[in-house]
Amino acid sequence: EAGVVQSPRYKIIEKKQPVAFWCNPISGHNTLYWYRQNLGQGPELLIRYENEEAVDDSQLPKDRFSAERLKGVDSTLKIQPAELGDSAVYLCASSPTGGLGYTFGSGTRLTVV
Amino acid sequence: GIQVEQSPPDLILQEGANSTLRCNFSDSVNNLQWFHQNPWGQLINLFYIPSGTKQNGRLSATTVATERYSLLYISSSQTTDSGVYFCAFPHNSGNTPLVFGKGTRLSVIA
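Residue numbers (the working numbering), protein chains in the order written: chain S, 48 to 160; chain Y, 563 to 672.
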């Protein structure tokens, strides 16, 4: 099994530019999460999907961040426009409904210059 | 919200040494988990340990829920054990989403 697949692995952009991250979860996992991990910190939840429905997006900065999970499988996280403070690792994870069996992707390391 | 504290924040070990990492939490938590993040950033679930003790090879974990702490033991450490160890628990009832501690950064040197 491929695990949770994320792309790109690294991204460097100038501030005010848009950027998008893609995640393909483990087949059959209904729950998908996007986390952000700042340097020296643990991951923090941005948004959680149950199938195609966003059920927890209270920590997502909605003025510049958006996410979608069409058809309840792949997901895309977008930032527009990016700010310097958005530099971080963006992690995608998936699990069966209920949360046991968490699996993380390798993450996308974003650098905003 | 529930506060979580991990100690020590940093640890350097000689290969072959043993270590104990600690996770304290301020209130009752369900379904505590331990993760290892390798130097390339990959997070791997080590243990799902709401209570009691579990062992997996050179690693074992103990959670004493009534006293609000969990311990991760690493025996005969190897350089591949290097990375950051996080404890995490669900924010709400159930198992999702997870709240992470700040981690313990472990460096094992040959």
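To be clear, the hints were calculated from the coordinates, so they are not data collected in a lab. Check the hints yourself; a few may be wrong.
To be verified - DSSO-like cross-link-like pairs, simulated, lysine-lysine; straight-line CA separation at most 27 Å: (1) Y:616 to S:58; (2) S:62 to S:125; (3) S:58 to S:109; (4) Y:664 to S:125; (5) S:58 to S:125; (6) S:118 to S:62; (7) Y:664 to Y:616; (8) Y:664 to S:109; (9) S:125 to S:109.
No experiment lies behind these values; they were computed from the predicted model shown.
Hints, verified against the model:
1. Y:616 to S:58: 39 Å, violated
2. S:62 to S:125: 14 Å, holds
3. S:58 to S:109: 21 Å, holds
4. Y:664 to S:125: 26 Å, holds
5. S:58 to S:125: Judged against 27 Å, a Cα distance of about 13 Å means the pair holds.
6. S:118 to S:62: 31 Å, violated
7. Y:664 to Y:616: 23 Å, holds
8. Y:664 to S:109: 25 Å, holds
9. S:125 to S:109: OK: residue 125 of chain S and residue 109 of chain S at ~10 Å, within 27 Å.
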